[in-house]
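J.: Sequence:
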Amino acid sequence: MAHKKLNIGVIGAGRIGKLHANNVVNRIPRANLVAVSDVNLEAARELTDSLGVKDAYQDYHDILKRPDVDAVLICAPTDLHSPISIEAAHAGKHIFCEKPIDHDLAKIEAVLEAVRKAGVKYQVGFNRRFDRNFKKVRDRVQAGDVGEVHIVKVTSRDPAPPPAEYVQASGGIFVDMTIHDFDMVRYLTGSEVEEVSVFGAVLVDPAIGEAGDVDTCIINLRFKNGALGVIDNSRQAVYGYDQRIEVFGSKGCVTADNETANNTVLYTADAVTKEKPLWFFLERYNDAFIEEVREFADACLDGTDTPVGAFDGLQPVKIAIAAKKSWQLGGKPVIVE
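Residues 13 to 349 in our numbering are what the sequence shown spells out, letter by letter.
These are calculated hints, taken from the structure and not from any lab test.
Heads up, some of the hints might be wrong.
Claimed, not checked - In silico DSBU-like cross-links for lysine-lysine, where the CA-CA straight-line distance does not exceed 35 Å:
id, residue 1, residue 2
1, Lys286, Lys148
2, Lys147, Lys17
3, Lys263, Lys16
4, Lys337, Lys236
5, Lys30, Lys111
6, Lys165, Lys337
7, Lys337, Lys129
8, Lys236, Lys147
9, Lys288, Lys165
10, Lys119, Lys236
11, Lys17, Lys165
12, Lys16, Lys236
13, Lys263, Lys147
Because the structure is a prediction, the values reported are computed rather than measured.
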């Protein structure tokens, strides 16, 4: 199937839907964008017009019922991820779904079952796995270069806090922001998280606390393979999007630092200076967004497994639920069910 292209419909024309649609048209050679849907039909039409795509719909069912659509990218609001996933599976479409699949474990399990029964491909949008530096760190770990893994550290800090209304709709920091880090520690260690202990605080924006969430947290992890981990999150790093990882083991340590606009360093009598980290996720992970959909298209066309399956969408939500419970209990350790 080397010459066949994967016909894709994008469901949702918001920020992430626009990003994926643009990438499919301009950066994914083996994919073809055939339609976009959004409840805001004008937004869908504006996107398709800008990309030279003919069909825009208000109802995503119009995409699902098209026989020429091979796969869908689900970029709709989170509460629609699981129901659209199940409908798409029933329609025989391969599915790429933005994270999280759902906040409810039972609904995620229903998605897994629908995908299994339909025999379609399913990939979750944990794009950071496709960052070239993070992937290299994992490759080093898998190759045994650091020996037996003892400690994994993830720093993930946003440049500015989201509005309080977003916090309420998103489900909170653990299922919205830290969920990427929960996936990353599984990816780096090759082990499941067994236990979490969380301390959280409201140090950035009181409105986030009033919404029932925290904006700063430290998460301690214990893995089934015996390794330990630490994740630190903040909703505001004034110098930019702070994204760093480290894996320490019996034979050494491997790290990945922040991406900057360039890697020049100025040395003078007054100071040594270099560029600040890239500002936010669209800039920082642009190449990773392209690579994840490219590999999804390859899996669908070549009949191989997707690199981030539905099970990988389930496990970070389980960790997030345990993390929130630990925070609510004042940092007491909680077993990941």
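J.: If a hint holds in the structure, say so; if it does not, say that too.
T.: Status of the hints after comparison with the structure:
{"no.": "1", "hint": "Lys286 to Lys148", "result": "holds (24 Å)"}
{"no.": "2", "hint": "Lys147 to Lys17", "result": "holds (26 Å)"}
{"no.": "3", "hint": "Lys263 to Lys16", "result": "violated (45 Å)"}
{"no.": "4", "hint": "Lys337 to Lys236", "result": "holds (20 Å)"}
{"no.": "5", "hint": "Lys30 to Lys111", "result": "holds (16 Å)"}
{"no.": "6", "hint": "Lys165 to Lys337", "result": "holds (21 Å)"}
{"no.": "7", "hint": "Lys337 to Lys129", "result": "holds (33 Å)"}
{"no.": "8", "hint": "Lys236 to Lys147", "result": "holds (22 Å)"}
{"no.": "9", "hint": "Lys288 to Lys165", "result": "holds (21 Å)"}
{"no.": "10", "hint": "Lys119 to Lys236", "result": "holds (26 Å)"}
{"no.": "11", "hint": "Lys17 to Lys165", "result": "violated (39 Å)"}
{"no.": "12", "hint": "Lys16 to Lys236", "result": "violated (42 Å)"}
{"no.": "13", "hint": "Lys263 to Lys147", "result": "holds (19 Å)"}
Of the numbered hints stated above, those contradicted by the structure are hints 3, 11, 12, listed in ascending order.
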